Each structure stands twice: as C-alpha cells, then as structure tokens.
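Use these hints to put chain Y onto chain G, whose structure you have.
Protein chains: 2
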Amino acid sequence: MHPFGKFLEKRLEDLARVAVWNAIEDAGVPPKEIQAAYVANSLSGLVTGQEGVRGQVILRDAGFSGIPIVNVENACASGTTALRCGWMEVASGLHDVVLVLGVEKLFMPRTEDSIRILMADAEVRLMGMGFQFLGWYAMELRKYMAAYGWRKEHFAKVVEKNSFNGSFNPNAQHRKPLSVEQVLGSRLVAEPLTLYMCSPMSDGAAAAVLCSRERAKKYAARPLVEIAAIGMQSGRYADPRASSRPSITTLAAKEAYERAGLGPEDVDVAEVHDAVAPSELYHYEDLGFCEKGGGVALIEAGRTKITGDIPVNTSGGLAARGHPVAATGLAQVAEIVWQLRGEAGLRQVAAPKVGLVENTGGIVEDEAAVATVTLLKR
Amino acid sequence: MHPFGKFLEKRLEDLARVAVWNAIEDAGVPPKEIQAAYVANSLSGLVTGQEGVRGQVILRDAGFSGIPIVNVENACASGTTALRCGWMEVASGLHDVVLVLGVEKLFMPRTEDSIRILMADAEVRLMGMGFQFLGWYAMELRKYMAAYGWRKEHFAKVVEKNSFNGSFNPNAQHRKPLSVEQVLGSRLVAEPLTLYMCSPMSDGAAAAVLCSRERAKKYAARPLVEIAAIGMQSGRYADPRASSRPSITTLAAKEAYERAGLGPEDVDVAEVHDAVAPSELYHYEDLGFCEKGGGVALIEAGRTKITGDIPVNTSGGLAARGHPVAATGLAQVAEIVWQLRGEAGLRQVAAPKVGLVENTGGIVEDEAAVATVTLLKR
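Sequence lines, in order, name chains G and Y. Quick note: to get our numbering, add 16 to the position in the first sequence (first position is 1). Quick note: to get our numbering, add 16 to the position in the second sequence (first position is 1).
The shape of chain G in the complex, shown without the other chains (with noise of 0.2 Å):
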C-alpha cells in the first residue's frame, strides 16, 4: 500500500509507485517476471483528465511497460474487480504472474477542484429526483431503523470499533480513537448520518502480486495465501419482488462461498465496506455472519471487535483507513493477507484461517451497482 490520507503534492503515480514497489517486495517476485497487469481507478478521467491509458502512464512510472495492461473500472468495486480479472488470468493459463493496482486521488490542490470531481460524481447518481446519494441512503435507512429497531447509536459504535482498529494501522488516514459520543455530536450529514459515519474523501494506493499455485512455490518466503474465490453481481433493477429479494452483496457472497465450498460460519476476520457506518451491519447479513436485522445485536456484544469471534474492519475499515475509491478492494485484501499469515502487528486476530473482503457500490436507479466478496485463505 502507500498509506491512505491526502496528499496534495503527489500524483496518481506517486501513489501508485509506491504501493506497487511494497506489494513486489512483500511477494519476493522478481519484478522482471511480472508478465501483465490489471489497474483499477475510478475517476481520474474526472480529477486530471487523464481519460485514456491511465494504467500505462502510472505503471510506466513505476517502471513498468512492455507488458499487457487493462483498465478496470467499477465504482467502489474497482479494486477486487482488477483482483478477480488478474486471477482469471492466472487460472485461464495465459500468464503465471500478474499485477494488480488500485488507485485514486481525489484530494486537489484547489478544494473547489475536488467539489466538482464529487459534484460531478453525485449529477450520475441523482436518480432524477433531486437526491443525492447520502440523502436517499439515509431515507431507506430510517425505514430500516423502524422495522428492526436500529439507533443511531449502533451506528456510532461501528464507527468507535473501526476507529479503534484504525488507531494501530500505519497506513489508515485517521489514527485517533473516536467514543460514541464523538461521533454522535459531529456535524449532521442527513439524519441520522453525522459526518464521522461516513467515510472521508482519500488519496491512496494498494496493490498485489497474484500468480499461479505452481510458481508460486518458487517464490514461497512467506506463507502463502490463496484465492478461494471471487463473487461478482451488478445491479438487477425494476424488480416487481423488489422489497423482498436478496441484495445484489448476498448474491455475490452466496456465489463466492459456493465456489469456495465455503460458508459464513468458516469466516474467522472480515473487511466490509462501510462507506456509511450503518453499511457495516446491513453486510453482516448479506455475508450470513446474522439474520435479518441482527446486526445491531453483533456490535452490541462486541462481536466483530478485534477480539470477538468475527472481527470486522481490523483495519479501520473505510471510516479510518479511508476510502480512495478504486484503492479500497485491494486495501482491503491487504489487510485480510496480512492477518492469515499473522503480520497484523496490534490489530492481529488469533490464527485466522478464512478471511474475506466485500465491496459494494455505485448506484443506478435505487439500487447498487456493484458488489464483490473474496474468499481468501491460508
């Protein structure tokens, strides 16, 4: 990674050489073996109209060219879908080495600079009816509270657990412990959204080093982990069943734990994509680890801390680790690597077999755009 934060005085490349010089180093690859590479960024097009060819010009950067490169783009998702395009490509046998990168600048030197990459970014999302994204979020939201009895105070104790695990990690945006009374008392955003609930605007970069079973036996240092399997969906929309049908995450969950013969009761550590705090506990049911509505009752036993039986967001999730949108995926796999072979230093979980990593984002009509779950293991 290259530490996630703002970072006025550097460039995508600047961002990007970095995380992809550690990820070398921490795989033992040779760089020379690297035989394609995978980037994933989703609005610089917007940011420094770089529109075309944006993963030659960075890699180029890090030093890397006459090699094939693809760029990827699907929203908050962008970063695993690089991931889930490198490791098609390992399993289709066409290369036994691939890179892959995410990364996003969205902190200018200008802030009116960075308003317009969000304005333009929210004009997509508006739905044509004068919403924007948090405050149709947070309308479904309070349907959700009155049926399961969610409170604004679960949210805020997402937040405390994430900013508590964000406090030991290097490489999150923000290091400082927050209460729940910190979080409740921030600037409202859309009730009952405050600011601290939702993820801060981020600079930032992650990669890694994907090859074959084979090959990589030959690099072997470090304990190995693997790719058990990726699940992919994309929005279905207009669906008459629409209240009662299973989230685009579930479905991509339900995909990755059939693939990996898998199942939620296997998931010893966990990154979910909390770009709002209350995202954190609607996943906990998409991913199976509760029932309907249960999420609150997870935060409240202190559960997925740390030290409860599933800890979540070990990193500080996006609400302290930060969230540049196309480096989160593979922030997030970062973190997961590192907590099955035990380098996690202080965030470190007991002996963590499976750990898994969810995304989901975009949104077209009312519905996500995008989700993926990665199943990784030891």
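These are computed hints drawn from the structure, not numbers from a lab. A portion of the hints provided could be inaccurate.
Identical copies look the same in the list; a pair holds intra-copy or inter-copy alike.
Listed below are the simulated SDA-like cross-link pairs for lysine to any residue, each with C-alpha atoms no more than 20 Å apart in a straight line [what the hints assert, rightly or not]:
#1 Lys233 to His111
#2 Lys270 to Ile40
#3 Lys173 to Asn38
#4 Lys270 to Glu49
#5 Lys233 to Pro46
#6 Lys168 to Glu207
#7 Lys369 to Pro262
#8 Lys233 to Pro47
#9 Lys48 to His111
#10 Lys369 to Glu359
#11 Lys173 to Tyr153
#12 Lys270 to Pro46
#13 Lys48 to Ala237
#14 Lys270 to Gly109
#15 Lys26 to Pro125
#16 Lys270 to His111
#17 Lys22 to Gly201
#18 Lys22 to Ser183
Please read all numbers here as calculations on a predicted model, not as lab measurements.
For chain Y alone, kept in the frame of chain G given last:
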C-alpha cells in the same frame, strides 16, 4: 453492430442496445444464458460525465442486469481488450457464456462540446512538446518516406481501397468510393496527411457473444468461429535501442501467432488499424505481411484488395467504416467473423479459414500505449 456514423439524437445506451441484441440474435444464444459482460468505452467520462459504472448503466438499458459486469478501457484497443477479458473468463472456467461490448459516442449536439472532448484527449497526448498527435505522426512519417521511398500517393491508394470496400458495407459511416485524386485533393491536415487519410469522428457500437467450445455446440446454428489467440503489448518507452527495436504491434502479433501456432502466411483476411492511412502500411510490416518498408509494394500490386491474396480492411477500415474508439476493435472482429462464415456479401473474400484483427492506439511519450492482435479461425 450498430452502424457507425453521426447520431446526434442517440445516447450511448441507444447505440449499445442495438449492437447487443444484434450480437445475441446472430449468436443464437438465449439472452438469459448470458452469465457475465465486459463493456469497453474510452471517452464517455469526458463526453457525458458518466465516469463510473458505465457498463451497468449502458447494459441496464439493453435489458441486462444481475450479472457480473466489468468496465474496461484501453484507448483504440478497448474493444479487443474487452474481448480478451471475456476470452479469459471463459478459458478460466468461471463462466461459459460472456457478452463483450464496445461503444463510443463522440458527436454531440453542439460542435464545441465535441471539440472540447478532442481537446481533452489531445491535451493528454501533447507529450510536453506543444505538438498535437497528427503533427508528431506526420514528422515521424516523413523520415520513413525518405528512407523507404513512400509517397503521398501510396497513402491515397490505401484510402482508395478502403473507401471502395466501405461502399459495400451497410454498417460503414462513409459509403462513397474515393479516388486517389480526391484523397490527395482534400484539405491538408499535416503534410503529407490530407483529411481523407485520417479516420473520421464517429458514434457506434459493436458486440460479440463468447462461449466455451462445449457450450457452443449447443447453440451452433451457424458456422462457429474460434478465438485462436490474442496477443497484447503496452509501450516500452525510453529504450536506448529505440530506433531498431520492433514495434509493440509486432510483439503483440508475435505473441498471437505463437500462441495460435500460426504465421502471417496463414492469414487469409485481416482488419488493421488505419487510424491514419499510412498506419495500414506500417501494420503490414508489423503483422509480417511484408518486410520493413515493403507496404507500398503490397498496395501498388493490389495484393490487399478484396480480390488480392491478402485482403485487408474489407469492411472499409477506420477510414470508411468509422472509428468510434472503443467500438472499433469489435467491429473489426464482426467483419472477420462474417468473412470466415462467408456472410460478408459483396465484400466476401474467397473461403478464408484464418482472419486477423489488429488495434494499436494511445500515445505515451513517443510510443503507442497499447496494441492487440487477435487471430480468429473457422
């Protein structure tokens, strides 16, 4: 395909819907059996402001949702990059039936908006020297003309051939055959390049349905066409042996030939990337159809006409068929599929068994950013 041309009243979705359903009808695959999709688009972040989840928005309109959708970009090779991704998805065993789509919209109701897009693109390509792409290209070309005796008339002959072919193609943007005199007499863009030697601005879409060999037998109402191999390369840059090294197109072709166990002598029909007419001559060399500098001899002898021994750009090429950036590669694939099946109408060449598609595009430093070479066979 959706025909290429100027369609001010159509959105990306309108172009895509037609191409997708034409491809599905052509393939004879029940739409419900499509399991995943790759959507290539290069410039719509700058054109429409839809920077993220383009494919989800575009395919929803065509009636496709609830499947994995990945957005890919690779400049002029975006369409064949989507093809390569879909090919790997099937080869990896993850899914058996995959839709790939390339769609682009460059024309806008106000001329200044279109110019703004092209300026944004040009800005990226300025290479820090104050040149626009075509100016730089023309300078490089003049060195080559001096070394190998290439003349303006040769480039005009390429356009004469391609515009003749395009006149038989109902999907082509320009269907008027041009004489050498008309090409030479059109407005000068950058000596020696005249307007008709440059591919036009275009709107359009093209799609393909890929499936595993096993599954294809189930659907096969029409002759099957197989992807024998796809080679891909990105620029290498700053190589001290720059002047003597092979182009990235040459390397992509080498990869494709080796993977397919085929050589240039096996190619019966080819679609090559004549973004500017002389490029077709360069690509004859890159693809092994002739020795260095030998492209003009092929053109002079008429060997790459429909009636020649190695017909090139029977569709009309970028010059006549048009060049909606991310749609181009899959339109070339469509032409080769029709040729291999004997369905190319007045453009049909005699019983071809092996066809080739080549795309080279983007500029980073002084080199093309990406090249793909695809080999298809009966």
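Any hints this thing doesn't respect? Which numbers, in order?
2, 3, 7, 12, 17
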